[in-house]
Amino acid sequence: MSKIETASATIKPPKTNIGIVGWSRAHLFNGWINSALTLFVLYGLYKVVPPFINWAFLHANWAPVSGTCSESSGACWSVVTANIRFILFGFYPHNLQWRPLLAIVILVLLLFFSQNRKRWNMKLLYIWTAGLFIMGVLLKGGLFGLESVETDNWGGLPLTLLLSVFGLAAAYPVGILLALGRQCRMPVIRSFCVVYIELIRGVPLISLLFMSSVVFPLFLPEGVVINKILRAQIAIILFTAAYIAEVVRGGLQGINKGHYEAAESLGLNYFQTMRLVILPQALKIVIPPSVSILISAFKDTSLVVIIALYDLLKTTQSTLTDPKWMGYSSEAYIFVACIYFVCCFAMSNYSRKLEKELDTDRR
Amino acid sequence: MDTASSEKIPFLRDPEKRALLYQIFTVLGVALLSYYLISNTLANLERQSISTGFGFLHKEAAFEIGESVLDYSAADSYGKALLVGFINTLIVSFIGIVLTVILGTIIGIARLSSNWLVSKLSASYIELFQDIPVLLQLFFWYAFFYEILPAPKQALNPVTGVFLSNRGLVFGVPEYHPAYLAALTALIVAIIAGIILKKWAHRRQDTTGKSLPTGKIITAMVIGLPLLAWLLGGAPTAMNTPVLKGFNFKGGVTVTPEFTALLLGLVLYTAAFVAEIVRAGIQSVSKGQQEAAVSIGLKPGQVLNLVILPQALRVIVPPLTSQMLNLTKNSSLAVAIGYPDFVSVAGTTINQTGQAIEGVGLIMIVYLIFSLSTSAFMNWYNKKIKLVER
Numbered sequence: 010m011s012k013i014e015t016a017s018a019t020i021k022p023p024k025t026n027i028g029i030v031g032w033s034r035a036h037l038f039n040g041w042i043n044s045a046l047t048l049f050v051l052y053g054l055y056k057v058v059p060p061f062i063n064w065a066f067l068h069a070n071w072a073p074v075s076g077t078c079s080e081s082s083g084a085c086w087s088v089v090t091a092n093i094r095f096i097l098f099g100f101y102p103h104n105l106q107w108r109p110l111l112a113i114v115i116l117v118l119l120l121f122f123s124q125n126r127k128r129w130n131m132k133l134l135y136i137w138t139a140g141l142f143i144m145g146v147l148l149k150g151g152l153f154g155l156e157s158v159e160t161d162n163w164g165g166l167p168l169t170l171l172l173s174v175f176g177l178a179a180a181y182p183v184g185i186l187l188a189l190g191r192q193c194r195m196p197v198i199r200s201f202c203v204v205y206i207e208l209i210r211g212v213p214l215i216s217l218l219f220m221s222s223v224v225f226p227l228f229l230p231e232g233v234v235i236n237k238i239l240r241a242q243i244a245i246i247l248f249t250a251a252y253i254a255e256v257v258r259g260g261l262q263g264i265n266k267g268h269y270e271a272a273e274s275l276g277l278n279y280f281q282t283m284r285l286v287i288l289p290q291a292l293k294i295v296i297p298p299s300v301s302i303l304i305s306a307f308k309d310t311s312l313v314v315i316i317a318l319y320d321l322l323k324t325t326q327s328t329l330t331d332p333k334w335m336g337y338s339s340e341a342y343i344f345v346a347c348i349y350f351v352c353c354f355a356m357s358n359y360s361r362k363l364e365k366e367l368d369t370d371r372r
Numbered sequence: 004m005d006t007a008s009s010e011k012i013p014f015l016r017d018p019e020k021r022a023l024l025y026q027i028f029t030v031l032g033v034a035l036l037s038y039y040l041i042s043n044t045l046a047n048l049e050r051q052s053i054s055t056g057f058g059f060l061h062k063e064a065a066f067e068i069g070e071s072v073l074d075y076s077a078a079d080s081y082g083k084a085l086l087v088g089f090i091n092t093l094i095v096s097f098i099g100i101v102l103t104v105i106l107g108t109i110i111g112i113a114r115l116s117s118n119w120l121v122s123k124l125s126a127s128y129i130e131l132f133q134d135i136p137v138l139l140q141l142f143f144w145y146a147f148f149y150e151i152l153p154a155p156k157q158a159l160n161p162v163t164g165v166f167l168s169n170r171g172l173v174f175g176v177p178e179y180h181p182a183y184l185a186a187l188t189a190l191i192v193a194i195i196a197g198i199i200l201k202k203w204a205h206r207r208q209d210t211t212g213k214s215l216p217t218g219k220i221i222t223a224m225v226i227g228l229p230l231l232a233w234l235l236g237g238a239p240t241a242m243n244t245p246v247l248k249g250f251n252f253k254g255g256v257t258v259t260p261e262f263t264a265l266l267l268g269l270v271l272y273t274a275a276f277v278a279e280i281v282r283a284g285i286q287s288v289s290k291g292q293q294e295a296a297v298s299i300g301l302k303p304g305q306v307l308n309l310v311i312l313p314q315a316l317r318v319i320v321p322p323l324t325s326q327m328l329n330l331t332k333n334s335s336l337a338v339a340i341g342y343p344d345f346v347s348v349a350g351t352t353i354n355q356t357g358q359a360i361e362g363v364g365l366i367m368i369v370y371l372i373f374s375l376s377t378s379a380f381m382n383w384y385n386k387k388i389k390l391v392e393r
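Chains as they are written, first to last, in our numbering: chain A, 10 to 372; chain B, 4 to 393.
Certain hints may be false.
Cut-off 27 angstroms, straight-line C-alpha distance, at most; resulting in silico cross-link-like pairs (DSSO-like, lysine-lysine) [unchecked claim]:
{"id": "1", "chain 1": "A", "residue 1": "Lys127", "chain 2": "A", "residue 2": "Lys237"}
{"id": "2", "chain 1": "B", "residue 1": "Lys62", "chain 2": "B", "residue 2": "Lys83"}
{"id": "3", "chain 1": "A", "residue 1": "Lys237", "chain 2": "A", "residue 2": "Lys293"}
{"id": "4", "chain 1": "B", "residue 1": "Lys156", "chain 2": "B", "residue 2": "Lys248"}
{"id": "5", "chain 1": "A", "residue 1": "Lys237", "chain 2": "A", "residue 2": "Lys149"}
{"id": "6", "chain 1": "B", "residue 1": "Lys123", "chain 2": "A", "residue 2": "Lys56"}
{"id": "7", "chain 1": "A", "residue 1": "Lys365", "chain 2": "B", "residue 2": "Lys290"}
{"id": "8", "chain 1": "A", "residue 1": "Lys24", "chain 2": "B", "residue 2": "Lys123"}
{"id": "9", "chain 1": "B", "residue 1": "Lys387", "chain 2": "B", "residue 2": "Lys202"}
{"id": "10", "chain 1": "B", "residue 1": "Lys156", "chain 2": "B", "residue 2": "Lys302"}
{"id": "11", "chain 1": "A", "residue 1": "Lys365", "chain 2": "A", "residue 2": "Lys132"}
{"id": "12", "chain 1": "B", "residue 1": "Lys219", "chain 2": "B", "residue 2": "Lys202"}
{"id": "13", "chain 1": "B", "residue 1": "Lys290", "chain 2": "A", "residue 2": "Lys362"}
{"id": "14", "chain 1": "A", "residue 1": "Lys132", "chain 2": "A", "residue 2": "Lys149"}
{"id": "15", "chain 1": "B", "residue 1": "Lys202", "chain 2": "B", "residue 2": "Lys213"}
{"id": "16", "chain 1": "A", "residue 1": "Lys132", "chain 2": "A", "residue 2": "Lys266"}
{"id": "17", "chain 1": "B", "residue 1": "Lys201", "chain 2": "B", "residue 2": "Lys219"}
{"id": "18", "chain 1": "B", "residue 1": "Lys387", "chain 2": "B", "residue 2": "Lys290"}
{"id": "19", "chain 1": "A", "residue 1": "Lys333", "chain 2": "B", "residue 2": "Lys156"}
{"id": "20", "chain 1": "B", "residue 1": "Lys302", "chain 2": "B", "residue 2": "Lys290"}
{"id": "21", "chain 1": "A", "residue 1": "Lys266", "chain 2": "B", "residue 2": "Lys20"}
{"id": "22", "chain 1": "B", "residue 1": "Lys156", "chain 2": "A", "residue 2": "Lys56"}
{"id": "23", "chain 1": "B", "residue 1": "Lys248", "chain 2": "A", "residue 2": "Lys362"}
{"id": "24", "chain 1": "B", "residue 1": "Lys201", "chain 2": "B", "residue 2": "Lys387"}
{"id": "25", "chain 1": "A", "residue 1": "Lys365", "chain 2": "B", "residue 2": "Lys123"}
{"id": "26", "chain 1": "B", "residue 1": "Lys83", "chain 2": "B", "residue 2": "Lys219"}
{"id": "27", "chain 1": "A", "residue 1": "Lys266", "chain 2": "B", "residue 2": "Lys386"}
{"id": "28", "chain 1": "B", "residue 1": "Lys290", "chain 2": "B", "residue 2": "Lys123"}
{"id": "29", "chain 1": "B", "residue 1": "Lys202", "chain 2": "B", "residue 2": "Lys386"}
{"id": "30", "chain 1": "A", "residue 1": "Lys293", "chain 2": "A", "residue 2": "Lys266"}
According to the in silico footprint, chain A covers these stretches of chain B (three or more CB under 8 angstroms from chain A) [what the hints assert, rightly or not]:
{"id": "31", "segment": "47-53"}
{"id": "32", "segment": "356-369"}
FRET-style restraints, in silico, Cβ to Cβ [as the list claims (entries may be wrong)]:
{"id": "33", "chain 1": "B", "residue 1": "Gln292", "chain 2": "A", "residue 2": "Leu111", "range": "54 to 60 angstroms"}
{"id": "34", "chain 1": "B", "residue 1": "Asn47", "chain 2": "A", "residue 2": "Ala271", "range": "50 to 56 angstroms"}
{"id": "35", "chain 1": "B", "residue 1": "Leu24", "chain 2": "A", "residue 2": "Glu364", "range": "40 to 46 angstroms"}
{"id": "36", "chain 1": "A", "residue 1": "Gly53", "chain 2": "B", "residue 2": "Ile191", "range": "56 to 62 angstroms"}
{"id": "37", "chain 1": "B", "residue 1": "Gln292", "chain 2": "A", "residue 2": "Phe66", "range": "44 to 50 angstroms"}
Hints listed in this document are in silico derivations from the structure and should not be mistaken for laboratory results.
These numbers come from a predicted model, not from an experiment.
All C-beta atoms, glycine included, are put in the ideal place defined by N, C-alpha and C.
Bound-form chain A, shown alone:
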């Protein structure tokens, strides 16, 4: 008995169960269906990946001049390298492009800074307000001796970021109000909010953008003109607010009824109850879904192409209408897709991480 025990303690697992061999046996070749699948996928990857690497890197053209591309069989990244400034900044004056660049850097720094949940307090809110203000000034100019730049010249990545960041920042308070309105006991206000939310969520964003570009000017009295970017921004805010309202409503419904009653029995009025007891908890629950709204708002800003605003996608498209660069759409679109992907991937990863952290908090 004891002999067997000591023997089994010294016997190592068979070589086919450990290391790379063991791992691939367990994860790739367990059963004949899985083996066939693995081989099939490997064959597919072999057919796709090496030619793609050849095309995208080994035989690719990077020199920022046109004309050299037609000779090589690889990708023509020249379309990106030669037009990078136009793609990223649109018609923004060439010598002032450091300003939108600086604004983007500030935004990225702010995002990094607020990643840590320990920094979430009122101070952060002030920092963000100041940051957004500085970014606005950098783009617009006209203050502190900065040369003023017309909004018609704004374009590219700064415009995309502007529409999504300001869109979310402005839509959040509106969304919270709508959610509170939908939850309140006054039937008239409640039905207004319900109609608004359902109406906006029922129609595509593009119809609101059409509205902002062709119908909205009719709403204004004669002589009053609001510029195109602001109109699109308003449409995006109104659209995003309805989605935020639904997310916040989910948070409000997640709060135990006892909290409302406790707040009421302490003698807090409605606004105090909401501001001090309910909203701080509800908003905390809805942070992860809010990040996914930010992601979709960021992706949806690309729709302003259709009303001819020069966002990142539109600048890319107009580069491609240049006869010199016609026919290299894939390269340009892949480049833009990478920018979008990196941003969205970072955000969705962060949202997932946050969800995990907040989840353990509640247990």
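Given the structure of chain A, go ahead and fit chain B onto it with the hints provided.
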């Protein structure tokens, strides 16, 4: 303060009266705002001498539409043009939804595969396609058709009778023959009979305990009846295959690059979301359920049909319908790549007639009808699900 019950409550301290006041203010505010906007609009319209109303729908449209199932020409009215656009939206959404559900389910299941490679590959697919704007994907596929695919003369020919070129996708279809109509009728009859049979078998099992192999019978009917009808009709096999003539194909069915790009973009994008939904739905059914079902002696098919699917579908269907609605709403992006869907036709109408309010209003109403009918379905489904729950 302490014995205030007999005292009259000051007007503003009474929550009910205060609520009434708030609501009156809200209504007044909304009314004032709408009055302001409407009066501005009317003044503006008058100045630009645009007449309001839907009278323009009867006027001649004077623009061509690239693809249409109806018999449409530029001499037809705006109303008919919009109808063509509406049908195009329905077609692309319907085909898109069917393909999305199939692809999304496959990828969602692949995500849960025990095969590391397959699972990681589908995870990358989901992440990649979710994080790129759908409009950019549409542009990409559109450019793919026009720039990368060869001209019809060098068309790719992956399967016999199917050609892929920068003129779109061309494939052969069977030549029309009455036997096909008969087969289609037989198929519908078989499906209806199958549903009735299933209900009847269910009731019989409930009362007598005897079961029928309904699955096998229905499969036999659904395959057998149309086949029989086709054979009785003379078993026609003539094909209408595309042939290259000059610079383009003659015969067969052509799917335009616009339609294919739109469909491809929408399906690949939405399938990534559907895959996540399917994965979450399957994972929501705990493993104990399956083990319990097996241990009470259910066969594998019954385990899936009677235990796993009903529970997974309860989690899957609500978000799935909202994804279907999203696909329908995103099909409005067709306007960017020139497929004549409803929004695109309405946009052209607005440009030509200047009837911006009516045009945008029509777009909104059409999509509201879609979303309202979807939520009606959702309510019905939720109610049905609730009955199952004990």
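Check the hint pairing Lys83 of chain B with Lys219 of chain B against an upper bound of 27 angstroms on the C-alpha distance.
violated (46 angstroms)
Within a Cα-Cα threshold of 27 angstroms, do Lys202 of chain B and Lys386 of chain B meet the stated pairing?
Cα-Cα ~20 angstroms, so holds.
So if I understand the rule, the pair passes when the alpha-carbon distance is 27 angstroms or less; does Lys24 of chain A with Lys123 of chain B pass?
holds (26 angstroms)
For the pair we were handed, Lys201 of chain B and Lys219 of chain B, check the Cα-Cα distance against 27 angstroms.
holds (11 angstroms)
Tell me if the straight-line CA distance from Lys201 of chain B to Lys387 of chain B falls inside 27 angstroms.
holds (19 angstroms)
Restraint status (C-alpha distance of Lys156 of chain B to Lys302 of chain B at most 27 angstroms):
violated (54 angstroms)
Next pair to validate is Lys237 of chain A with Lys149 of chain A; report whether the Cα-Cα distance is within 27 angstroms.
Answer holds: Lys237 of chain A to Lys149 of chain A is near 15 angstroms, not above 27 angstroms.
Quick check: does the Cβ-Cβ distance between Gln292 of chain B and Phe66 of chain A fall within 44 to 50 angstroms?
holds (49 angstroms)
Pairwise hint evaluation, Lys123 of chain B against Lys290 of chain B, where the allowed Cα distance is 27 angstroms at most
Roughly 22 angstroms separates the two Cα atoms, so the pair holds.
Do the alpha carbons of Lys132 of chain A and Lys266 of chain A lie within 27 angstroms of each other, as the hint requires?
violated (30 angstroms)
Using the C-beta atoms of Leu24 of chain B and Glu364 of chain A, is the stated range 40 to 46 angstroms upheld?
With Cβ atoms ~42 angstroms apart, the hint holds.
When you check the alpha-carbon spacing of Lys266 of chain A and Lys20 of chain B, does it fall within 27 angstroms?
It holds: about 25 angstroms lies between the C-alpha atoms, which stays within 27 angstroms.
In the structure shown, a violation is registered for the earlier hints numbered 1, 3, 10, 16, 23, 26 and 36, in ascending order.
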